[in-house]
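Chemist: Model the full structure from these sequences, guided by the hints.
Just so we're aligned: 185 in this note's numbering is position 185 of the sequence shown, and the numbers increase by one with no gaps anywhere.
Hints may be right or wrong, so weigh each one.
[Said to hold, decoys possible] Simulated restraints, written as ranges between beta carbons of each label pair: (1) F2 / A204: 24 to 34 Å; (2) V35 / A157: 19 to 29 Å; (3) P73 / S178: 28 to 38 Å; (4) N172 / F2: 29 to 39 Å.
None of these hints come from the bench; they were simulated from the model. Note that the Cβ used here is the ideal one computed from N, Cα and C, for glycine as well.
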Amino acid sequence: PFEIERIDPFWLTMGSRRDSALASVIVHPKVYDLVGPQGAVRVVENESVLRRATADPMSGFVSLREYVAGDDPRMIHWPTTARTGTLMVREHVEVRRPEFTVVLDTSRAVGTAEDFEEAVDVAATLAVHALGSGLDVVVRTTDRANAGRPNPLVSEAMVLDLLTPVRMTSDNDLLALSALFAGGFDRTTVVMVTGPEGPSSQFASSERMSTVRIGEGAKAGTGVVLAAADASEFVRRWRSWGVNE
Numbered sequence: 001p002f003e004i005e006r007i008d009p010f011w012l013t014m015g016s017r018r019d020s021a022l023a024s025v026i027v028h029p030k031v032y033d034l035v036g037p038q039g040a041v042r043v044v045e046n047e048s049v050l051r052r053a054t055a056d057p058m059s060g061f062v063s064l065r066e067y068v069a070g071d072d073p074r075m076i077h078w079p080t081t082a083r084t085g086t087l088m089v090r091e092h093v094e095v096r097r098p099e100f101t102v103v104l105d106t107s108r109a110v111g112t113a114e115d116f117e118e119a120v121d122v123a124a125t126l127a128v129h130a131l132g133s134g135l136d137v138v139v140r141t142t143d144r145a146n147a148g149r150p151n152p153l154v155s156e157a158m159v160l161d162l163l164t165p166v167r168m169t170s171d172n173d174l175l176a177l178s179a180l181f182a183g184g185f186d187r188t189t190v191v192m193v194t195g196p197e198g199p200s201s202q203f204a205s206s207e208r209m210s211t212v213r214i215g216e217g218a219k220a221g222t223g224v225v226l227a228a229a230d231a232s233e234f235v236r237r238w239r240s241w242g243v244n245e
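Modeler: If you want it as structure tokens, here you go:
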């Protein structure tokens, strides 16, 4: 409860009123400005055009090529096959936008509470930057109570609202990556934001995931594309990431 006091201009009388009403104050993660398309977003930009023979309605026809074992027989172009005497199939380019998934590691075992707060800011920053880069953005966490959904978010507000209630979790409340992606990867590229001792879980193959470690003493390693002590240092390292590659 708080108390409001009023005093007249001549300081002769004073009145007060106590207010016992309670209210919640929502504090969103801090979002930093990331300059340029460098860093993890480049991973999905390079995969934005996927050539494949498919009947997917979200793809467009671009050319014909010879049939190879495993191709969908429904994609055989019979007029060309009859004319050339060789089985030919239609090749398509996927026209859906690439998907960028940010996963926040909430395990207590990977860092301190201060490290976690910085990691939340980094996850929010990455997701908002990817939205601004024109990608479909999914945000997931390993917090069982606030894991998020495998659907793209359409605004910065949705990203921040999802990450605001997330908390550090013990093993009983912790989701493994295999549970978050039980339905497979499809067309997404994953960036996991974790603490200096993370990640708490990994995929059998790390080809589709990049790891960012945030926290005091964070170091690069196998599969770790960037390590920083806090969100501010992450932003500085992001700007130079890939410049000298």
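Chemist: Starting from the hint 29 to 39 Å, judge whether the C-beta atoms of N172 and F2 obey it.
Modeler: holds (38 Å)
Chemist: Go ahead and decide if the range 28 to 38 Å is satisfied by the Cβ distance of P73 to S178.
Modeler: Given about 33 Å between the Cβ atoms, the range holds.
Chemist: That 24 to 34 Å hint for F2 and A204 (C-beta), does it hold up?
Modeler: violated (55 Å)
Chemist: Take the C-beta atom of V35 and the C-beta atom of A157, compute their distance, and say whether it sits inside 19 to 29 Å.
Modeler: The hinted range 19 to 29 Å holds for V35 and A157, with Cβ atoms some 23 Å apart.
When held up to the earlier numbered hints, the structure conflicts with hint 1 and nothing else.
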